[in-house]
Amino acid sequence: FDILFVRWFGRATHLPSGFTARRLPKVGFLHEDNPDAFGFLDPNNVIRGIHLIPSFQQGTTEELLGPSFVRRESNDNQDWNFYNVNIFVDHDMFMRFRGGGIGHKGS
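In this text, residue positions in the sequence shown follow the working numbering: the first is 1, and each later residue adds one.
Hints in this document: simulated from the structure, not taken from any laboratory.
Computed from a predicted structure; not experimentally measured.
We put the beta carbon where it would ideally sit given N, CA and C, even for glycine.
Among the hints, a few may not be true.
As the list claims (entries may be wrong) - Now the in silico label distances, taken between C-beta atoms and shown as ranges:
(1) Gly18 x Phe69: 34 to 42 Å
(2) Ser74 x Leu52: 16 to 24 Å
(3) Thr20 x Asp76: 34 to 42 Å
(4) Asn45 x Gly10: 32 to 40 Å
(5) Gly18 x Asn44: 30 to 38 Å
All chains, please: the whole structure from these sequences, using the hints.
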């Protein structure tokens with residue numbers, strides 16, 4: 001019987017995102033005091049992975065989680081405050097859905 005131990009993210013709805021804002025959506029780890037911060041999943045319920053990019057501009061913090069086995073020792077007990085959610089696989093997929101690229105239908 002396999003299980004996954006998960007540290008959940010929350011959406012950063014207070015930060016602008018989307019095509020109009022010209023910003024990728026952002027997520028961040030939930031604070032360790034939040035009862036939904038950690039959980040368990042059956043691996044068969046995982047649909048796919050995503051590509052998260054650390055939001056370097058927002059920096060790191062030690063406030064979300066104290067020293068823990070959940071992160072690598074080399075991270076000095078710090079987490080990125082936010083991560084950008086890469087909503088497109090690559091530029092071809094972006095242009096396919098956004099339109100306007102050579103060889104892609106306009107929207």
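So, going through the hints one by one against the coordinates:
{"no.": "1", "hint": "Gly18 x Phe69: 34 to 42 Å", "verdict": "holds (36 Å)"}
{"no.": "2", "hint": "Ser74 x Leu52: 16 to 24 Å", "verdict": "holds (18 Å)"}
{"no.": "3", "hint": "Thr20 x Asp76: 34 to 42 Å", "verdict": "holds (37 Å)"}
{"no.": "4", "hint": "Asn45 x Gly10: 32 to 40 Å", "verdict": "violated (19 Å)"}
{"no.": "5", "hint": "Gly18 x Asn44: 30 to 38 Å", "verdict": "holds (32 Å)"}
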